[in-house]
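Chemist: The lines below spell out each chain.
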Amino acid sequence: MFRPFRDNPTPGLSSLISRRAFTLAGGGLALSGMARPAALFAQAQQRLEVVPGGTQALPIAIPNFVPGSPGDGEVGVGVTQVITNNLKRSGLFAPIDQAAFIEKISNIDVAPQFQNWKTINAQALVTGRMTRQPDGRLQAEFRLWDVAAGQQLAGQKYVTSPESWRRIGHIISDQIYERLTGEKGYFDSRVVFVDESGPKERRIKRLALMDQDGANVRYLTKGADLVLTPRFSPSTQEITYMEFGQGDPRVYLLNIETGQREIVGNFPGMSFSPRFSPDGQRVIMSLQQGGNSNLFVMDLRSKSTTRLTDTPAIDTSPSYSPDGSRICFESDRGGKPQIYVMPATGGPAQRISFTKDEGDGGSYSTPVWSPRGDYIAFTKQGGGQFSIGIMKPDGSGERILTSGFHNEGPTFAPNGRVLMFFRDPGGNGGPSLFTVDISGRNEQRVPTPGFASDPAWSPLLS
Amino acid sequence: MKVDKTLVASVALHVLVIGWGLVSFSSKAFESTEIESIPVEFVTDDQLNKITAGMKSGKKENPKPLVEKVAEAKPVDDAVGKVTEKKAIVTDAAPDPAPKPVEKPPEKKPDPPKPVAESKPKDEPKPIEKKPDPPKVDPIAEALKKEEAKKPTPKPEAKAAPPPPVKKREYKFDRETIAALVDKRDPTRQAFAGDTLNSTPALGTAKGSAATLSASYLSALVSRIHDCWQADGGGFDEQDVKIPITLTFKQDGTLSAPPLLESEPRNDRERAIFEGARRAIIACQPYTMLPPARYADWKSLPFLFHNKVD
Chain A
9 MFRPFRDNPT
19 PGLSSLISRR
29 AFTLAGGGLA
39 LSGMARPAAL
49 FAQAQQRLEV
59 VPGGTQALPI
69 AIPNFVPGSP
79 GDGEVGVGVT
89 QVITNNLKRS
99 GLFAPIDQAA
109 FIEKISNIDV
119 APQFQNWKTI
129 NAQALVTGRM
139 TRQPDGRLQA
149 EFRLWDVAAG
159 QQLAGQKYVT
169 SPESWRRIGH
179 IISDQIYERL
189 TGEKGYFDSR
199 VVFVDESGPK
209 ERRIKRLALM
219 DQDGANVRYL
229 TKGADLVLTP
239 RFSPSTQEIT
249 YMEFGQGDPR
259 VYLLNIETGQ
269 REIVGNFPGM
279 SFSPRFSPDG
289 QRVIMSLQQG
299 GNSNLFVMDL
309 RSKSTTRLTD
319 TPAIDTSPSY
329 SPDGSRICFE
339 SDRGGKPQIY
349 VMPATGGPAQ
359 RISFTKDEGD
369 GGSYSTPVWS
379 PRGDYIAFTK
389 QGGGQFSIGI
399 MKPDGSGERI
409 LTSGFHNEGP
419 TFAPNGRVLM
429 FFRDPGGNGG
439 PSLFTVDISG
449 RNEQRVPTPG
459 FASDPAWSPL
469 LS
Chain B
459 MKVDKTLVAS
469 VALHVLVIGW
479 GLVSFSSKAF
489 ESTEIESIPV
499 EFVTDDQLNK
509 ITAGMKSGKK
519 ENPKPLVEKV
529 AEAKPVDDAV
539 GKVTEKKAIV
549 TDAAPDPAPK
559 PVEKPPEKKP
569 DPPKPVAESK
579 PKDEPKPIEK
589 KPDPPKVDPI
599 AEALKKEEAK
609 KPTPKPEAKA
619 APPPPVKKRE
629 YKFDRETIAA
639 LVDKRDPTRQ
649 AFAGDTLNST
659 PALGTAKGSA
669 ATLSASYLSA
679 LVSRIHDCWQ
689 ADGGGFDEQD
699 VKIPITLTFK
709 QDGTLSAPPL
719 LESEPRNDRE
729 RAIFEGARRA
739 IIACQPYTML
749 PPARYADWKS
759 LPFLFHNKVD
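Line by line, the protein sequences give chains A and B.
So for the first sequence, this note's numbering puts the first residue at 9; every next one is plus one.
So for the second sequence, this note's numbering puts the first residue at 459; every next one is plus one.
The reader is advised that the hints may include incorrect statements.
As the list claims (entries may be wrong) - DSS-like mimics (lysine-lysine), calculated; alpha carbons at most 30 Å apart, straight line:
1. B/757 - A/126
2. A/208 - A/126
3. A/192 - B/766
4. A/400 - A/96
5. A/192 - A/230
6. A/208 - A/230
7. A/96 - A/112
8. B/766 - B/700
9. A/112 - A/126
10. B/700 - A/126
11. B/757 - A/192
12. A/311 - A/230
13. A/400 - B/708
14. A/96 - A/192
15. B/700 - B/757
16. A/400 - A/192
17. A/400 - B/766
18. A/126 - B/766
19. A/192 - A/126
20. B/708 - A/126
21. A/96 - B/708
22. B/708 - B/757
23. A/96 - B/757
These aren't lab readings, by the way, just hints derived from the structure by calculation.
Let's have the full structure, built from the sequences with the hints guiding it.
Modeler: What follows is the structure, encoded as structure tokens:
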């Protein structure tokens, strides 16, 4: 059942972290062994059909990672907390309180006593070890166990610099999430947002970067100028945003590693609402022309600009479909702001949002296409409320996820299953960031140092 | 104007090659073999109970079974048709329950002439003499008899001669003969037998139907697994994923082997759903609703797990 580590370097991670796979003693082998066809038997009898009794977060036990040496206890506890927090916030897992544990994990190379974990109703168990190596780097190992089946489902080993220990926690969280749900994870990612501080009438707005769980906040601008609508590049090294400088507001590119920035294009009027194409080679944005604005796309290499719309209306907030073939955007060409979809090269646009009662002031704005391509998220205004919702790209299946005084600016997690947005309760307070899954069941506040708005989620870092 | 000769030659060559290709290559449409579809009907537990219930016209409160004749109880397969007291008509063509050695093929006996000559006159005239009554005439027997009558009667000289090799009879299709062979009798059934006569048909009881009992404990089993199995909440808005799993049990209701996934999962999501179902199945054992007396019936059961919450 239990097998020792096998050191197989696995490519694909950044140079910062090297990952080594070890044998999956349980899952893979056992599953292939069990997959013997029983067609004859199946045909002979009618199958008994079963559906789940409900939906429940999976109870999971995550004991503190074992220290490889006496000095590694603190980082072991830290990584365990990062994993526990990530899984709990996803809404799909229910980490069990460590006080309930019967067994103390002291050696992860020995199979745990599953009965001890069954007793506390754990369905999955994570064991791990953090060891500081002679060269100063940190080695993290973990195993994921299926308690009921008594099998190991996953096992990995990572080596990184000590300051990246939180990222190790996020990567292990993704591994657990993916193995137990079969869906891609989203924990090893970052968020750029507008940090707001100071009194309401003299609010200082700075671009800030943080881990998706709110940790490791880093400021990218000093707050001298107003910044809005930051958007991540698919490469994750650059962001594009709008800044109100001395002249007209302009769209900028900023390399978050080097701090270098440049203006995107040199247009006579205001440029705003930028967003990268999926390949990161182009930026689509709005350009103001008189009282109207139209959509333009600029090739970042050749700097050539192409007009995509030409209407006497305000066309803005463009967002590419993940395959880059289509664009969704907001336009008031029909009277009120609504969402339209058109080919990425321009052409006829199809309206996909419709309010039931036009008299209630209903309108749709800030559309953003899911990385999975299955939904378009939006802000809906109507009935005195701002709501965050999703709909399919053909306009069907609209679902409101949250409503309130002011909710705005949805952005998708890399797996397309969670949205982040900002909520302003009004009054003297300020906006905060929240996440909600696309079922609308699990809403969580994202901790930030101050007020925060305009979040944009990065792709996965690894 | 100067024309490039190589260009002209190239164009001419291309035209030739394309023209040759158009003439030479014949296209044939791909033919796909049609696979005959098999109609399948799913019968739910409720439907099964209805099918196996008693007569609809019966009184609910009557616990007595229908008895039309005081006799030794016999299993009744078909309740359709009139009840008859007549004995089943035994035709000439019907096989003899106790075949005599004389009726064996002549090849088996080294000295066949004698028995063959003796058996013939005995078998043929008897039915005609014994059953002169017209209502009892069996059309099948009559038709067979006619066929027999057409046969050439063996001559006495055949005794001396060596037995001729047995030839297969060549049957010719004759519509009239076939029509005569068709059994035109009304369907009949045996009477319900019991200790005392009872003319009121019963509705049937749960205890009186094995199939209903089966459905009952299987429903309890499905219900138990349903209660134990919780969807993980992942795979938002996914289609109904169906996972075929076979469970094998010990007589005490525990699993005798891990839940068997019958086909390789097509993706990580299917694998995760299977493993979630497996956890629930293992955690919920033993399944005490399974009656040990009927162990052979539930020793191994095929399931289909749908990852769709009600």
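Chemist: Taken at face value, is the distance from the CA of residue 757 of chain B to the CA of residue 700 of chain B at most 30 Å?
Modeler: The given pair, whose Cα atoms are some 23 Å apart, holds under the 30 Å limit.
Chemist: Between residue 192 of chain A and residue 126 of chain A, does the CA-CA distance stay at or below 30 Å?
Modeler: 27 Å, holds
Chemist: Run the distance test for residue 208 of chain A versus residue 126 of chain A: straight-line Cα separation, threshold 30 Å.
Modeler: 53 Å, violated
Chemist: With a cut-off of 30 Å on the C-alpha distance, tell me whether residue 700 of chain B and residue 126 of chain A pass.
Modeler: 27 Å, holds
Chemist: Verify the proposed pairing of residue 766 of chain B with residue 700 of chain B, using a straight-line Cα cut of 30 Å.
Modeler: Given that 30 Å is the threshold and the Cα spacing comes to 9 Å, the pair holds.
Chemist: Taking 30 Å as the top limit, are the C-alpha atoms of residue 708 of chain B and residue 757 of chain B close enough?
Modeler: Between residue 708 of chain B and residue 757 of chain B the Cα gap is close to 7 Å, so the pair holds against 30 Å.
Chemist: Between residue 112 of chain A and residue 126 of chain A, does the CA-CA distance stay at or below 30 Å?
Modeler: Judged against 30 Å, a Cα distance of about 14 Å means the pair holds.
Chemist: If you draw a straight line from the CA of residue 96 of chain A to the CA of residue 112 of chain A, is it 30 Å or shorter?
Modeler: 22 Å, holds
Chemist: Would the pair residue 400 of chain A and residue 192 of chain A pass a check requiring their Cα atoms to be no farther apart than 30 Å?
Modeler: 20 Å, holds
Chemist: Does the structure keep residue 208 of chain A and residue 230 of chain A at a Cα separation of 30 Å or less?
Modeler: 18 Å, holds
Chemist: Holds or violated: residue 192 of chain A and residue 230 of chain A, Cα atoms, limit 30 Å.
Modeler: Not OK: residue 192 of chain A and residue 230 of chain A at ~35 Å, beyond 30 Å, violated.
Chemist: With a cut-off of 30 Å on the C-alpha distance, tell me whether residue 311 of chain A and residue 230 of chain A pass.
Modeler: Answer holds: residue 311 of chain A to residue 230 of chain A is near 28 Å, not above 30 Å.
In this structure, the hints that do not hold are numbers 2, 5, 11, 13, 21 and 23, in rising order.
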